[in-house]
Amino acid sequence: MLKVGLIVNPIAGMGGKVGLKGTDGEMYEKALNLGAKPISPGRIEDVLDLVKRRDLYFFCAPGSMGEEYLAKREFGFERVGKTGDATSREDTRRIAKSMMDKGVDILVFVGGDGTARDILDAVGMDIPVIAIPSGVKMFSSVFVFSPHAAAEMMDCCGDDFTEKEVLDIDEDAFRGNRLDAKYYGTLKVPNIQRLLQGKKAASNVKHSTKDKKKEVAKYVVDNMNKDCLYILGPGTTVKEVADALGVGKTLLGIDAVFNGESIGIDIGEKEILSLIDAHKKAKIIVTPIGGNGFIFGRGSRQISSEVLRKVGKENIIIISTLDKIGGMESLHIDSGEYKVDREIGGKINVLTGYKEEIIMEVKY
Amino acid sequence: MIDLSSNESPYGRSCEELMDLCRGLEDLNRYLAYGELERLERELAEYCGVDKERIFVGSGTDNLIRNALLKFYKGMDLIVLNPCGNRVVETAKDLGMRIRRIQLRPPEFRVDWKSLEIKKSIVAIDYPNNPTGQLLIEKNELECLLKNGNIVIIDEAGYEYSERTFAGMVGAYEKLAVTRTLDKAFGLAGLRVGYMVAGDFFVKVIGKTVDINRPAFVCAMEALRDKRHMRESVSKTLEEREYLEYRLRELGFDVYKSQANYLCVRSEIADLALRLREKGILVEDLSREWFDGYFRISIGGRDENSRLLEEIELMCG
Numbered sequence: 005m006l007k008v009g010l011i012v013n014p015i016a017g018m019g020g021k022v023g024l025k026g027t028d029g030e031m032y033e034k035a036l037n038l039g040a041k042p043i044s045p046g047r048i049e050d051v052l053d054l055v056k057r058r059d060l061y062f063f064c065a066p067g068s069m070g071e072e073y074l075a076k077r078e079f080g081f082e083r084v085g086k087t088g089d090a091t092s093r094e095d096t097r098r099i100a101k102s103m104m105d106k107g108v109d110i111l112v113f114v115g116g117d118g119t120a121r122d123i124l125d126a127v128g129m130d131i132p133v134i135a136i137p138s139g140v141k142m143f144s145s146v147f148v149f150s151p152h153a154a155a156e157m158m159d160c161c162g163d164d165f166t167e168k169e170v171l172d173i174d175e176d177a178f179r180g181n182r183l184d185a186k187y188y189g190t191l192k193v194p195n196i197q198r199l200l201q202g203k204k205a206a207s208n209v210k211h212s213t214k215d216k217k218k219e220v221a222k223y224v225v226d227n228m229n230k231d232c233l234y235i236l237g238p239g240t241t242v243k244e245v246a247d248a249l250g251v252g253k254t255l256l257g258i259d260a261v262f263n264g265e266s267i268g269i270d271i272g273e274k275e276i277l278s279l280i281d282a283h284k285k286a287k288i289i290v291t292p293i294g295g296n297g298f299i300f301g302r303g304s305r306q307i308s309s310e311v312l313r314k315v316g317k318e319n320i321i322i323i324s325t326l327d328k329i330g331g332m333e334s335l336h337i338d339s340g341e342y343k344v345d346r347e348i349g350g351k352i353n354v355l356t357g358y359k360e361e362i363i364m365e366v367k368y
Numbered sequence: 276m277i278d279l280s281s282n283e284s285p286y287g288r289s290c291e292e293l294m295d296l297c298r299g300l301e302d303l304n305r306y307l308a309y310g311e312l313e314r315l316e317r318e319l320a321e322y323c324g325v326d327k328e329r330i331f332v333g334s335g336t337d338n339l340i341r342n343a344l345l346k347f348y349k350g351m352d353l354i355v356l357n358p359c360g361n362r363v364v365e366t367a368k369d370l371g372m373r374i375r376r377i378q379l380r381p382p383e384f385r386v387d388w389k390s391l392e393i394k395k396s397i398v399a400i401d402y403p404n405n406p407t408g409q410l411l412i413e414k415n416e417l418e419c420l421l422k423n424g425n426i427v428i429i430d431e432a433g434y435e436y437s438e439r440t441f442a443g444m445v446g447a448y449e450k451l452a453v454t455r456t457l458d459k460a461f462g463l464a465g466l467r468v469g470y471m472v473a474g475d476f477f478v479k480v481i482g483k484t485v486d487i488n489r490p491a492f493v494c495a496m497e498a499l500r501d502k503r504h505m506r507e508s509v510s511k512t513l514e515e516r517e518y519l520e521y522r523l524r525e526l527g528f529d530v531y532k533s534q535a536n537y538l539c540v541r542s543e544i545a546d547l548a549l550r551l552r553e554k555g556i557l558v559e560d561l562s563r564e565w566f567d568g569y570f571r572i573s574i575g576g577r578d579e580n581s582r583l584l585e586e587i588e589l590m591c592g
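Quick mapping for you: the protein sequence lines, in order, are chains A and B. Count the first sequence with my numbering and you get residues 5 to 368, in order. Count the second sequence with my numbering and you get residues 276 to 592, in order.
These are calculated hints, taken from the structure and not from any lab test. A few of these clues could be false.
[To be verified] With a Cα cut of at most 25 Å, we get these calculated SDA-like pairs of lysine to any residue:
(1) A:LYS359 <-> B:ILE393
(2) B:LYS389 <-> A:ASN353
(3) A:LYS317 <-> B:ILE374
(4) A:LYS222 <-> B:ARG563
(5) A:LYS218 <-> B:SER562
(6) A:LYS214 <-> B:LEU370
(7) A:LYS317 <-> B:ARG380
(8) B:LYS395 <-> A:GLU365
(9) A:LYS351 <-> B:ILE412
(10) A:LYS343 <-> B:ASN423
(11) B:LYS395 <-> A:ASN319
(12) B:LYS532 <-> A:GLU365
(13) A:LYS317 <-> B:ASN357
(14) B:LYS394 <-> B:CYS419
(15) A:LYS367 <-> B:PHE384
(16) A:LYS218 <-> B:GLU365
(17) A:LYS359 <-> B:LYS532
(18) B:LYS349 <-> A:ILE363
[As the list claims (entries may be wrong)] If you only want the chain A side, here are some residues facing chain B, beta carbon under 10 Å, derived:
(19) LEU326
(20) ASP327
(21) ILE329
(22) GLU333
(23) GLY350
(24) LYS351
(25) VAL354
(26) TYR358
(27) GLU360
(28) MET364
(29) GLU365
In this text, all values refer to a predicted model and were calculated from it rather than measured experimentally. Even for Gly, the Cβ is constructed at its ideal location relative to N, Cα and C.
Take these sequences, add in the hints, and give me the full structure.
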């Protein structure tokens, strides 16, 4: 029997679709007021449905932090610790410590960068973890790249472990269009590299790279269609497109342009969907996240699976510089909906210059 | 400086051999005539097992490929692997061609050619691929590309090491050309003698010109006349490749099986290329347009390889 600890941060990722870039501090209340719905429960349900091995015995946190997902299934489990009505980071830390005392072999948790830091505070390098992403940003390399990867990791984890980084992202800075990532610590994870996401590297700012970004942006702008809605994802490469058009753009939010005019700044999923409905044709322009290669599902949850379904793979334009994309083995998608991931997955062209592209594989 | 970054042969020719060659240079005041070049074409045709008409000699394979591109680029895309050794991309960019790269991924670096549905393209493939040392296209995949009307140029710079070639197919497929060189196994990198074995489509359009100089011609003729030097240096290089591969694995490197005179390796040692450079050894760092931690190491002679291994051992502590 493998003794598995399970802790779910039920509110992680809720800020994403409503454009809040995180639920630290008072942002959780704000996300609720904006109609945000929980994401983590769906994630852990997916993982538990996909796990094949049956020799697992769970030690889980109470209620929405773990117990309620196991109660519906056939796994043996026991509850560890107590929580109040609203769960907190103290609950995560305290329960993770108790699980360690119970002698769990591995600790599975669902959350974002914040949750990873809490787990690290509690267990350090003493027990290995499987980190299932459900936050907004998840820049830490400790995370697996999808629930499918998490299930596979649970199925085949042995006693070979590696160390992965946990980063501390300043959410206030992130909301203010700055990426401020600090190294926070290291967690131990099963050594299955193909299932882990890379660390987001700060985009290269060499002069030649800047020129190359401009070149890609010029090609995109030269080939823009009239009467077509363009949804612009985050990142400095996409910002070059907005600059080439002469319109404003947030660095980390989602924006929209139509016939060369800005028609939406820092918009959430709902606004994106209604803009798509109001226009005959829509395209999405995104750049992969440096290091981990995500095109959708990290950093820009406003571009949800529903948005992707409506726009379609043929209307997704991926742009990058060659020095950034060339360092990636493949791109990743984790939109939250397997069917959408599968449709967008496979071979895809990425623009890397004026009439220059590279054919990449999108994994899901 | 020990240069293990340029895929050159470490085995030069002896002074006596060079003196012999100089005796063929009395006519240095004369241009090389096409009639003379034909003799070289004949030697190369025999070496490749094709008709002389299919052989085009040029100053380096990059120039031969560039000439082909100039003739055929209109309305065509260029397809290359990423990374790849040839410099065809710059020419394609100057010509305003659309460039499509195919990203290679370890550990098997395989390209699923059939799923890419390539049409109206000039496909330039290095075989073995530089820097991975892998043979990344099969005969049936090549036939499929050609049957779809694409022009395919296979760069076989490493042929003498891999002994795998598509040159025998140029008679059957008019849009296929194979380029090779005397730079590597024949040890004439300083003279840059390349040649193309071309299908009819190329033969009809590309005119024969005298693009190499007399010293290059004289040395190429001699190198082809007596192939012992080439065979010996290839055999030593293959032995050294096996040795280097084995030792680097012992030192914790991931080493990919290579069909060429270099090894593609992955190492956890931080700033490996930079630190080796400080010790006077050059290796190619592949992180600029490809993955961090990947390097291409040309196979040197035993002394050079031993120096490299010594330095790496010191870094490993």
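Going through the hints against the structure:
1. A:LYS359 <-> B:ILE393: holds, 16 Å
2. B:LYS389 <-> A:ASN353: With a Cα-Cα distance of about 16 Å, the restraint between B:LYS389 and A:ASN353 holds, given a limit of 25 Å.
3. A:LYS317 <-> B:ILE374: OK: A:LYS317 and B:ILE374 at ~21 Å, within 25 Å.
4. A:LYS222 <-> B:ARG563: Holds, at roughly 23 Å.
5. A:LYS218 <-> B:SER562: holds, 22 Å
6. A:LYS214 <-> B:LEU370: Since the Cα atoms of A:LYS214 and B:LEU370 sit roughly 23 Å apart, the hinted pair holds (cutoff 25 Å).
7. A:LYS317 <-> B:ARG380: Given pair A:LYS317, B:ARG380 holds - Cα atoms ~23 Å apart, limit 25 Å.
8. B:LYS395 <-> A:GLU365: Status holds; Cα separation ~22 Å.
9. A:LYS351 <-> B:ILE412: holds, 18 Å
10. A:LYS343 <-> B:ASN423: violated, 32 Å
11. B:LYS395 <-> A:ASN319: holds, 23 Å
12. B:LYS532 <-> A:GLU365: holds, 24 Å
13. A:LYS317 <-> B:ASN357: holds, 24 Å
14. B:LYS394 <-> B:CYS419: holds, 11 Å
15. A:LYS367 <-> B:PHE384: Given that 25 Å is the threshold and the Cα spacing comes to 16 Å, the pair holds.
16. A:LYS218 <-> B:GLU365: holds, 19 Å
17. A:LYS359 <-> B:LYS532: With a Cα-Cα distance of about 34 Å, the restraint between A:LYS359 and B:LYS532 is violated, given a limit of 25 Å.
18. B:LYS349 <-> A:ILE363: holds, 22 Å
19. LEU326: holds, 6 Å
20. ASP327: holds, 6 Å
21. ILE329: Cβ of A:ILE329 sits 8 Å from chain B, so the hint holds.
22. GLU333: Holds, about 5 Å.
23. GLY350: Interface hint status for A:GLY350: holds (8 Å vs cutoff 10 Å).
24. LYS351: holds, 6 Å
25. VAL354: holds, 9 Å
26. TYR358: holds, 8 Å
27. GLU360: Because about 5 Å separates A:GLU360 from the closest Cβ in chain B, which is inside the 10 Å limit, the hint holds.
28. MET364: holds, 5 Å
29. GLU365: holds, 7 Å
Checked against the numbered hints listed earlier, the structure breaks hints 10, 17; every other hint is satisfied.
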